[in-house]
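Enquirer: Next come the chains, spelled out residue by residue.
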Amino acid sequence: MTVSMDFTRREFPFLCREIDGHPIVYLDNASTTPKPQCVIDAVARVYHNTTANVHRGVHTIADEATTAYENARREIASFLNASPAEIIFTRNATEGINIVANGLGLLPEDEVVLTFAEHHSNYLPWRLRAKTIPVGLAPDGLPLYDDVESVLSPRTKLLTLAHVSNTTGIIAPVEQWVDIGHRHGLPVLIDAAQSVSHVPINVREMDCDFLVLSGHKLLGPSGIGVLYGKREQLAKLQLYQSGGGMVRYHGEDRIEVQDLPQRFEAGTPNIEGAIGLGAAVAWIRNLDMNRVMEHSQELGHQLIHGLETIPGIHIIGISAPLERRIGLVTFNLEVPGFSQDALARILCDKYQILVSGGFHCAHILHHRLRFEGTLRISTHVFTTPEEIERVISALRELTSVYCG
Amino acid sequence: MVNNGLKVLALMSGGVDSSVAAALLKELGYDVTGVTMKIWDGKTTAQVSTQHGCYGPGEEEDIEDARKVAQNLDIPFHVFDLTGEYQSGVLDYFCSEYLSGRTPNPCVRCNPGIKFGALVDKARLSGIEFDFIASGHYAKVAYDDTLRRYVLKKAKDLTKDQTYFLAFLSQQQLSRLVLPLGDYTKIEIREMAKRFGLSVASKPDSQNFVCGDYASVINAESNPGPILDKQGSLLGQHHGLQFYTIGQRKGLEISAKIPLYVSALDPAINTVTLGTKEDLYHDEFIVSNLNWIAILELQHTMAVNVKIRSAHREAEAVLTPTENGNVSVKFKENQFAITPGQAAVFYQEDVVIGGGIIEKVVL
Chain A
5 MTVSMDFTRR
15 EFPFLCREID
25 GHPIVYLDNA
35 STTPKPQCVI
45 DAVARVYHNT
55 TANVHRGVHT
65 IADEATTAYE
75 NARREIASFL
85 NASPAEIIFT
95 RNATEGINIV
105 ANGLGLLPED
115 EVVLTFAEHH
125 SNYLPWRLRA
135 KTIPVGLAPD
145 GLPLYDDVES
155 VLSPRTKLLT
165 LAHVSNTTGI
175 IAPVEQWVDI
185 GHRHGLPVLI
195 DAAQSVSHVP
205 INVREMDCDF
215 LVLSGHKLLG
225 PSGIGVLYGK
235 REQLAKLQLY
245 QSGGGMVRYH
255 GEDRIEVQDL
265 PQRFEAGTPN
275 IEGAIGLGAA
285 VAWIRNLDMN
295 RVMEHSQELG
305 HQLIHGLETI
315 PGIHIIGISA
325 PLERRIGLVT
335 FNLEVPGFSQ
345 DALARILCDK
355 YQILVSGGFH
365 CAHILHHRLR
375 FEGTLRISTH
385 VFTTPEEIER
395 VISALRELTS
405 VYCG
Chain B
981 MVNNGLKVLA
991 LMSGGVDSSV
1001 AAALLKELGY
1011 DVTGVTMKIW
1021 DGKTTAQVST
1031 QHGCYGPGEE
1041 EDIEDARKVA
1051 QNLDIPFHVF
1061 DLTGEYQSGV
1071 LDYFCSEYLS
1081 GRTPNPCVRC
1091 NPGIKFGALV
1101 DKARLSGIEF
1111 DFIASGHYAK
1121 VAYDDTLRRY
1131 VLKKAKDLTK
1141 DQTYFLAFLS
1151 QQQLSRLVLP
1161 LGDYTKIEIR
1171 EMAKRFGLSV
1181 ASKPDSQNFV
1191 CGDYASVINA
1201 ESNPGPILDK
1211 QGSLLGQHHG
1221 LQFYTIGQRK
1231 GLEISAKIPL
1241 YVSALDPAIN
1251 TVTLGTKEDL
1261 YHDEFIVSNL
1271 NWIAILELQH
1281 TMAVNVKIRS
1291 AHREAEAVLT
1301 PTENGNVSVK
1311 FKENQFAITP
1321 GQAAVFYQED
1331 VVIGGGIIEK
1341 VVL
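Protein chains in written order, with my numbering: chain A, 5 to 408; chain B, 981 to 1343.
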């Protein structure tokens, strides 16, 4: 390893958690992430110091709460290189995608281009409104990204893609898709739920029309997410939820809707969630994101090198170039008599290693690959090479014990 | 030296301390990049002397010294122009405080705003990769697992300890700070400088903001007014509030039977008030602009040692939270010349609890 991020561990109280008297090895970050102390402090502070509603109050504490909430928006905007009016707070990435899918006013004959590997949250919102046209997969599960142009038609209304797939762990060629989309006059939505805390993101450079992320995968609280959209794109979207806070004027004669971003933030938001997410983004911005990515890539390489020698293992996307991998590897491990779920449980119960087991909300991908589930190991900044060694040894031991 | 997988941005002033710090970091296996900042506007005069201050015409020589050390150590070196940021972040503050009858400490603004603020931001934006920032300050920083916070502690060499000047750094800044000199004495540092073969090994220390007359930095007209005693009798004329500080005895240009000291500066009526030495002793004052380090916030009273000037010997006191996040400080024993505008830093043993700016004395 050339990059060390061990110094970040101490700030995460959760990493000291034990099961049966043994410290956990947390390798399920693609599912959700632990929080640094500063995020915990920021959320607690809302409860013991700054409890007030935002954008509505007329007292000092309401001002403080509103300022903290809007500062969080600004922090996130800076992180993505967007402007604050282009940042909408949502419940999670899924809600962000639903806002866009709903807002585009899709008709059943309209088409949305994506890949078979997309997470259900970036598949179903499109499929339940229009026709989804998935780009095919290579035999080992990698989307055939280059085929995108061939599936475009006059009915295509949008292209969408996960920046980093939650199953393959591969960084997709988003610039290429955005370029193709724009050449055909189509907007592009990027699902950055898995990528935002591993890969530097600059929405202006990427030039995507929409981008979504979830706070809980970015070291922030759950129940908070972000939808980024270019101003002109957001302005065209039909309204999503209505209610208090998104109207400027509500009279018997007329309704005047708020400007961006408030237009899409009806009702009292997840105030402490947004403030906590702001603190999480401030924390991660205090690291060098290029080094964060290098570290993630190095752990990914270490995982691949260690796993590929285990008998009975099938790693998804094994043919992808190593430099396009982050620290996320999904695989099917053949152990007679054991489902992938059961193997994940043994990793927890016997080794206190926490990973994902199952379909990771990508059923279609699994059907195509004919896997009855898979195991997924996913790292984050605080993951150490020693932890990777431990999970590899544990899997090796499992296969030798149960396979003979 | 074995590479430790970490990259560090070493702030180098051209002085012995930051030069040895950079050399030590390299020895510890860090991948080091040296940086320095250009802050002097090239116009403001301060007397040129062999001793350099932080701000003044000696800057060019200091930058060259830093560059030579970087060459000695075979590390990349960059100079960043922070003249604009320094003017608005430090000098304007310096001037406006003096004109308001307060006595500012520029380091209080420079460290968090410039050295560990704007300079670090510029370095990051320029594409330099680094995990940590290091300086040659005499202090220690460490993560305390019980407090769950980064704590700032005094250096081993208490005569050189600079925690007073670092007490306004945020948790975010402290979390990325490496201070290689905290465990060494100045004598050991000078020996190391020789051992490393650094060209600055015998360079004299520079600890001042400006060498010579600080008033030359203040861009303001002279605004004379009355000097009064505490009864209100006129004793003489002052040249402008910016030339005076609480506790000052020299340069008053008045004649009196007993020694008199500046006891108050009132910008509203442009008056300097003098008193006897006894008049300058107080025990209670209010602190604002709090920066808490070892604790999240002050919720109850706390017994600490407080330093009210860089040269002040810390004294026992009790802190009490007041409204608006301010703090009331009550010394066990009266202290001389508690000066609005100066930094008050709170300690418990060698740990910095936090610090703030002195607002006013409670009479």
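Check each hint, because a few of them may be wrong.
[Claimed, not checked] Only some residues are given here: those of chain B computed to face chain A with a beta carbon under 7 Å:
hint: 1; residue: L986
hint: 2; residue: R1047
hint: 3; residue: Y1123
hint: 4; residue: D1124
hint: 5; residue: G1227
hint: 6; residue: Q1228
[To be verified] Covered stretches of chain A, going by a simulated chain B footprint (3 or more residues, C-beta under 8 Å):
hint: 7; stretch: 5-11
hint: 8; stretch: 39-49
hint: 9; stretch: 152-158
hint: 10; stretch: 289-299
[Claimed, not checked] Some chain B residues close to chain A (C-beta under 8 Å, calculated; not the full set):
hint: 11; residue: G985
hint: 12; residue: E1044
hint: 13; residue: T1063
hint: 14; residue: Q1067
hint: 15; residue: Q1151
hint: 16; residue: R1156
Treat the hints as calculated values from the structure; they're not laboratory data. Glycine residues also receive a C-beta, built at the ideal position from the N, C-alpha and C atoms.
Enquirer: Can the hint on Q1067(B) be confirmed by a CB-to-CB distance to chain A that is less than 8 Å?
Expert: violated (24 Å)
Enquirer: Using the nearest Cβ pair, does D1124(B) come within less than 7 Å of chain A?
Expert: Check failed: Cβ of D1124(B) comes no nearer than 9 Å to chain A, outside 7 Å.
Enquirer: Three or more residues of the stretch 152-158 of chain A near chain B by CB distance under 8 Å?
Expert: Violated, because only 0 residues of the stretch 152-158 of chain A bring their Cβ atoms closer than 8 Å to Cβ atoms of chain B.
Enquirer: Regarding the hint that Q1151(B) lies at the interface with chain A, is the smallest CB-CB distance below 8 Å?
Expert: holds (7 Å)
Enquirer: Closer than 8 Å between Cβ atoms is the bar; does G985(B) clear it against chain A? Give me holds or violated.
Expert: With Cβ-Cβ at 3 Å, under 8 Å, it holds.
Enquirer: Would you settle whether the hint for T1063(B) is holds or violated, based on the nearest Cβ-Cβ distance to chain A being less than 8 Å?
Expert: Since the shortest Cβ distance to chain A is 24 Å, the answer is violated.
Enquirer: Three residues or more, CB to CB closer than 8 Å: is that satisfied between the stretch 39-49 of chain A and chain B?
Expert: Coverage by chain B holds for the stretch 39-49 of chain A (4 residues, Cβ < 8 Å).
Enquirer: Does the stretch 289-299 of chain A contain three or more residues whose Cβ lies closer than 8 Å to a Cβ of chain B?
Expert: holds (count 5)
Enquirer: Does Y1123(B) meet its interface restraint, that is, does its C-beta lie within less than 7 Å of any C-beta in chain A?
Expert: holds (5 Å)
Enquirer: Can Q1228(B) be said to touch chain A, with a Cβ gap under 7 Å?
Expert: violated (39 Å)
Enquirer: Please verify that hint: L986(B), Cβ, nearest Cβ of chain A, below 7 Å or not.
Expert: It holds, given that the least Cβ distance between L986(B) and chain A is near 6 Å, below 7 Å.
Enquirer: Does R1047(B) hold up as a contact with chain A if the rule is Cβ-Cβ below 7 Å?
Expert: violated (24 Å)
The structure does not agree with the numbered hints 2, 4, 5, 6, 9, 12, 13, 14 stated previously, though it agrees with the rest.
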